[in-house]
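Chains C and P, in that order, give the protein sequences.
Using our numbering, the letters of the first sequence correspond one by one to residues 1 to 374.
Using our numbering, the letters of the second sequence correspond one by one to residues 1001 to 1374.
These are computed hints drawn from the structure, not numbers from a lab.
From the three backbone atoms N, C-alpha and C, an ideal C-beta is built for every residue, glycine too.
Among the hints, a few may not be true.
As the list claims (entries may be wrong) - Covered, in the sense of this in silico footprint (three residues per stretch, anywhere, with C-beta under 8 Å from a C-beta of chain P), are these stretches of chain C:
1) 46 to 52
2) 316 to 328
To be verified - To list a few chain C residues with every Cβ distance to chain P over 10 Å, as calculated:
3) Arg71
4) Leu80
5) Asn227
6) Asp243
There are 2 protein chains.
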Amino acid sequence: MSSTEFHFAVEKRDDQSHARLGRITTPHAVIDTPVFMPVGTAGTVKAVPQEQLAELGAQIILSNTYHLYLRPGHELIRDLGGLHQFIAWRRAILTDSGGFQVMSHQGLRKISEEGVTFRSHLDGLKHFISPEKAMDIQMALGSDIAMAFDECTPYPSTVEMTRISLELTSRWAARCRQRFKSDRQALFGIIQGGIYPELRKLAVDKLLPLGFEGLAIGGLSVGEPKNAMYDVVALTANLLPDDGPRYLMGVGTPEDLIACVAMGIDMFDCVLPTRNARNGCLFTSRGKLIIKNARYARDEGPPDPSCRCYVCRHYTRAYLRHLYQAGEILSAILNTYHNLYFYLDIMQKIRQAIASNTFGECKRTLLKELASLV
Amino acid sequence: MSSTEFHFAVEKRDDQSHARLGRITTPHAVIDTPVFMPVGTAGTVKAVPQEQLAELGAQIILSNTYHLYLRPGHELIRDLGGLHQFIAWRRAILTDSGGFQVMSHQGLRKISEEGVTFRSHLDGLKHFISPEKAMDIQMALGSDIAMAFDECTPYPSTVEMTRISLELTSRWAARCRQRFKSDRQALFGIIQGGIYPELRKLAVDKLLPLGFEGLAIGGLSVGEPKNAMYDVVALTANLLPDDGPRYLMGVGTPEDLIACVAMGIDMFDCVLPTRNARNGCLFTSRGKLIIKNARYARDEGPPDPSCRCYVCRHYTRAYLRHLYQAGEILSAILNTYHNLYFYLDIMQKIRQAIASNTFGECKRTLLKELASLV
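Can you make the complete structure from the sequences, with help from the hints?
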C-alpha cells in the first residue's frame, strides 16, 4: 500500500452472506461501504449541480480519464488545482482509467504491447495512451482513487483470447503500479478474465502481488447473460483479499447492487440511474416507471409513493410526463435527482441492514418491491 | 375592476423620473414592483426547478397559453387543479394569451375578425383560437393574471396597417373582457399601435374604458430601433392610468429594464436571461460574458466577481466554459441560475433605490457597470 492517506476497514459482516459494512478513508471523504458512485463522465454528473449531489449524500463520484484527457485536458485541470478544484466537488472522486472507453472504439483503435492508439470521438485526431500515460493523466487529475489501465475483454471471447487479453492487462497493471506515485491517491487494479473461472483466478493471482490499494472486477455487464455475471462476481469476490475494497465496475440495476453486495462487493458505479433518467425511466420501489406512457398523463401521484426525495414530495407523474414529452431540461434534472436518490437510498438501507443484522430480510424486501409493477 | 383578489398600489414615487415602487396583490403572491417575470413557456422556466426559482426570489413567472393549450392541453391542466398545482409553483403566474406566438407563425396562420386559424408547430394540425377561446383557456389554466388576445403588429408596418391591426385588437379586447369571468384572476389589456404615437394614444383610448386590471404595452422588441422603442414606451407609459400596473411585454436587456423603469413601467418579461444562458451568454455587472471564448479556458475567477449567487460563489469561468463546450446540461442549469439571479438582483436594487430616493444614482451606477467590458 503506497498511498498514505487511503485506508479501508471492514466494520461489520453479515452472518448469512458475504455482505460487509466498511469504511474507505480518502483525502477528501470518508466513504461508507457498500457504496454507489454516481457517474460524472466529463466532470459533471449529468443534470445535477454539485450542491445537489452533496445533498443527495453522495460521498464519491466517478469521472472519466479518457473524456477529461480529451476535453478540457488533464494539464489544464492540473494547472487549475486538480479535478476537485476544477469541478468544485469537495468530496471523493474515482477516475476510471479510460481503458473501457478506448476499447469501445471498435475500428478506431489499435492495441499493442505498448498501449492503445485511437481516434478521438470528438474530432477524429489520433491519440496514444499507454499504461504510463494513463497514470500520468490520473495523477494530474488528482482523483482520490485512480484505476489501472486495462484491456476490457469483449464478450463473447474464447478462453484463449481472454487469456491473452488478461495477460496484457496484467503486464499493464505492473507498469501502472510502477509509474503511479502519489501520497494522496490510491491505485486500484482491475481483474479481467471474462466468464472463465480459471482465468479470473489467474488474474487475481497476477494482480495481488502488485500491492494495489483495492481491486476491481472489470469486463462484466458487457453483454454476458445475467447468471454468468453473477457467477463471476461470486467467484471473484471470494478470491479477493478480505482486507481491501472490492469494486464491481459498471454494474448495475438496483437488483444487481443488492445481489452483489451479498457476494461481498463494496463499491459500484453505473450510468443506469442517470442515463435512464434522461430517457424518461424512473426507478421506484415498485419497479421501473416509463414516464412517457400515456397512462401517466393525468396521474396526480408522485413518481414513487414510498420515496421522500424532493421530486416525489413536490411533483406529479403528470407533470414529469409533460416535461419529458416537451423535451424540457427540467425533465432530466428532476428524473436524475430522483433516480440518484433512489440508488443512494437503497445503499443506505443496505448499510443500515448490515449494521443491524437484518441484511437478509432487507434484501428480500427490496427485491420483492422491485419486482412489483407500477 | 372585476377581480376581487387583485390589487395594485403605488407605494412610492421617484422625484427625478417616472419610476415608482408598487405592490401587486394576487391570490398566490404579493409582488413588489418594478418586477421581472422569468419566462416559463411550457410550464417550466427552462433548466430551473421550482425550488430554485423560489430561492431566487421570483414572485411571479410567465407561462404561455399557446404552448400549454397545445401540450399538455388546458383541459388536462384544469382537471388536475390548474396550472399552479400542475407545475407545483405556489407563487403567482401570468399567462400570455398566445397572440404573439400565433402571429409569429408566418405562413401557417390566417387572421379573421373571428380569430386566428393556425397550424401547430408540434404536429401541423389546424387549430382555431378566438378571443373567447383564449379567455377560456386562461380561465382553465387559472393564472393570477391573464392577458387579452391581441394581434401583435409586425415591424415594419405602415400607419394604415397598424391602425387596422390595433382596431382589430381593440374589438378583440372587448370580446375578451366580456368573456372573462373570474374572482381569482385579473385580466390585462394590450396596447398596440406600433411606432406611431397617435395610434398608441388611440389604442389607450379604446382599451381604457374596458376596465382591465392592468395594461400592457405590446408590439415592441419586434425589430424596431431601440430609440423608437424607448420613445414609444415613454409616451405610452405616460398615457396609462397611474393607479394600474403597467407591463412592458418581451423587454428586454438589463439596460432596457433600468431605462423603462424610469419611464414608469412596473412589470417586465423576457426570454433573454434564460435563452442567452443556454447559448453560453452570461449577464454580469461588467457586461456580457461569452463563456465559450478561449480566453476563459483557464480563468479561475467567478463568472461575475460582484455577484453573490451560488454559481459565482462556487464555480469558475474555466469550469463553466468546459461545461458549455462539452454540451453538458449543467451548463444550462448554472448559466440560467446566474442570469436569473442577475436580473432579479437588478430589480431588487432598483426597488431599494426607489424606496431610498436614490434611483437616479442607482441607474447611473448600473448603466456604467453594464457598459464596461468583461
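Do the hints match the structure? See the list:
1. With 6 residues having a beta carbon nearer than 8 Å to a beta carbon of chain P, the segment 46 to 52 of chain C meets the requirement of three or more and the stated coverage holds.
2. Under a criterion of three residues with beta carbons nearer than 8 Å to beta carbons of chain P, the stated coverage of the segment 316 to 328 of chain C is upheld, 9 such residues being counted.
3. Annotated as non-interface, C/Arg71 brings its C-beta within 10 Å of a C-beta of chain P; the closest such distance is 6 Å.
4. Not every CB of chain P is more than 10 Å from the CB of C/Leu80 (nearest about 6 Å), against its label as outside the interface.
5. For C/Asn227, the shortest C-beta to C-beta distance to chain P comes to about 36 Å, beyond the 10 Å cut-off, and the non-interface label holds.
6. Remark: the non-interface label on C/Asp243 is consistent with the geometry, its nearest Cβ contact in chain P lying 37 Å away (cut-off 10 Å).
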